[in-house]
Amino acid sequence: MKKPGASSAERRAGKRLSGVVMLFYASAFLLLALRDNAWQGYALAVGVPAMIWLGTNLLPHFFPADRLLLTLTNFLCALGILVLYRTQPELAYAQVIFYGIGIGAMALCTWAVRLLPFGRRMVTLLALVSLFLLVLPLVAGTEKYGAKNWIYIGGVSFQPSELVKLSLLVVLASGLAARRFWSWLIFALACLGLLMLQKDLGTALLYYAVTLLLAYAATGSWTLLLGGLGGSAGAAWLGYRMFSHVKRRVAVWQNPWADYENAGYQMVQALMALASGGLFGMGLGLGTPKAIPVFETDFIFSVICEQFGLIFGLCVLLIYVALVWRGATVAMAARRSFHGLLAMGATLMIGLQTFVIIGGVIKLIPLTGVTLPFISSGGSSMISGMCLTGLIQGVASRNEDALAEDADLAYMQGEVRE
Amino acid sequence: MKKQRFRFKILALVVFGLFALLAFYGGYSVLTYGDRWFASSHNGRVRQQKQTVAAGSILDRDGTVLASNAADGTRVYAENPAVRRAMVHVVGDRDGRVSNSVESFHASYLYGFRTSLWERVRLLLSGGERVGDTVRLTLSADLCTRLTSAFERHGVRTGAAVVMDWQTGEILAMVSLPSFDPMDAEAELPAGARYNRATQTLLNPGAAFAPVAAACGPLTPEALQAAAEAFGYNDNFLFSDLVVENSVYPTDRDAGMLAQRAAGTDGVRATPLHLCMTACAAANGGQMMTPRLILSVAAPDGKTRHTPLPTVYRTAFRAEQMDTVRACFTEDGLTGIASDTCYLGYLPDIGRPWAVCVAVWDGTDARIPAAVAEEALAQQNINSAGGSRNSADRGE
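Residue numbers (my numbering), protein chains in the order written: chain A, 1436 to 1853; chain B, 49 to 444.
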């Protein structure tokens, strides 16, 4: 794979790509605005492409950044806003704000990876704060769809587990790179235990999978990987036995039509939305996407397929594939093990989360309540997704710095020889 | 670091593999099951589309109108009440009382979901009314009405019959009793009138299972199960034109029950349509054709949108077994197998390549199914190219 570079040809291609993306969204919002004759639609037709331009071009002014990664991320974020505007405009307006905050959070994470040392004390502090955050929902949280994983502070609700994803990656990368076996293991197990107590099994599954795969990447131990996979099979069985809502979800996965009126309702509606979209979609603004319960978060992929069709849905999948490819490229180009693991961890988190939710929506695997990165409605999900991209950007940026240093060194050595 | 980079590559490939699985499964499930999901009576999108699109007509193979839209936009069915009653289980009704009928299962055609983007844009610009496609069925309204009349003459209140072309798989007739008039929304329906028994009700085939037993060779639990599965038992029927309940053959390979199972009892269950397909396979040298209900679909401008072609569903037995299998059928015009509940037969005549299954659930006389089949088919001649005339009309 090619190292992420920023040659002028690549910059030009990146600008052309973001231009196409901006045009797509301008026309899509314009279409909806003309249909509803609402000024908000016109504002979004201008505002969203402007945010895409800002999100793609602002960061590279301050740090060397991976433009393709930025363009892909911004495309997905804007797609979420578009679909939400089509279904429930109020959610789209909130999502625009979260998107703006997300761009800031991404810049902050990029800056943190570039400049912060992530020493032992800092990582320990991060771990303790994260555990505190995960305990909060158990003490003062509210239950949603069977899981107690939300907290409300001052009228603002958020999901701590979304933010703890970032510190999990930092702790794992730090512990694994420094070969401190117990530190990362204890933290990961504590997180998993707390998530199980919250009954947030989808997020627990993600944490577990990322921990296992990163541990394999760092140690190369097949015993650990296979043992972990065996353990996860046992945990899945245990979860099935222990939690009634897991049993219900498995039953719905096997045959949602059997209990259409109750537990199978949302799955059946999602499948009908997929089928109604067919290959080319019913058309933006047509169909009845709001018939699908939780269409704005878990089932937003069904809405995309209903509106734009299966082929477009597969293209969205391809964008995630490109994102994973880019993230893996950045991880492989990293000079330090810590940075490589951090970028790979963030990439795996995005990739696996996407697989888990789309797999659930198309009935490939039982549905677990996680969001579709960058697209689903919600501040916690958007900001955490953008932060994950920020971590990858930070590593990409350090890689660029290292390449520049190498070039300087080679130049200087050449001068000395002359 | 070098080893770590290699492992990163492996992990990236694993994630790519998972995404490939998503793409494959998503595409496969939508293309395979999409029509069924879409046609569900729970799909509100069809109801929504009905507000803006005038439904297309449904015709029988001769062009007889079975369903169309009246000037005021209401859905009306065939003029002849006897035709309406004979065909309601296939055609459907405006209130959606019959599930998986053409009205619901082929709503994507009837309500313009298959209309291309270009056609939609053209209509938008011209300001014309959106009209769905016209669906022409393989069924003959005349033959369906004859079958229903024959049932009623013999006092059958609960029964079903299917006639198929064993060369092409076209369903020429499919009726189910009890029935009702789709134009009479107020009438109280008899129990079970909503079901199309020809495709939805499983029965013990009894003697109609004999072709399967004959094809199995030496009778062992494994051989009989394999023969049954070769005929389509335990298969998930995913025919593109219609929904058919899956036929069942017990998989426990219980040697103690072998004789009962070979006789088509003890958990062996099939729909009349599947039994008719068995007769088709016997007539067609082992080739079981995919059942077809749609002859063609025409766009509102008259252009043909879709013309399904005959396809082989499966090969039920080898050519050298043909004589053994055909020996199960008696030689009396319509060669047939009578059991307590159903009659299975076919016409060996290439000019009239028909197979028939008649099932009766409330009959006391085992000869009734065969009599119904004989009476309904004796004077009938169906032009396989699409026309239908009886022998009297042709002056024979």
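Think of the hints as simulated: they come from the structure by calculation, not from any bench. The structure presented is a predicted model; accordingly, all values stated were derived computationally and were not measured. Heads up, some of the hints might be wrong.
Selected chain B positions facing chain A (in silico; Cβ < 7 Å) [what the hints assert, rightly or not]:
| id | residue |
| --- | --- |
| 1 | K50 |
| 2 | R53 |
| 3 | A71 |
| 4 | F72 |
| 5 | V169 |
| 6 | A414 |
Don't be surprised by glycine CBs; every beta carbon is placed ideally from N, CA and C.
Here's how the hints hold up against the structure:
no. : hint : result
1   : K50  : violated (10 Å)
2   : R53  : holds (5 Å)
3   : A71  : holds (5 Å)
4   : F72  : violated (9 Å)
5   : V169 : violated (11 Å)
6   : A414 : violated (37 Å)
This entry does not satisfy hints 1, 4, 5 and 6, going by the numbered hints stated previously.
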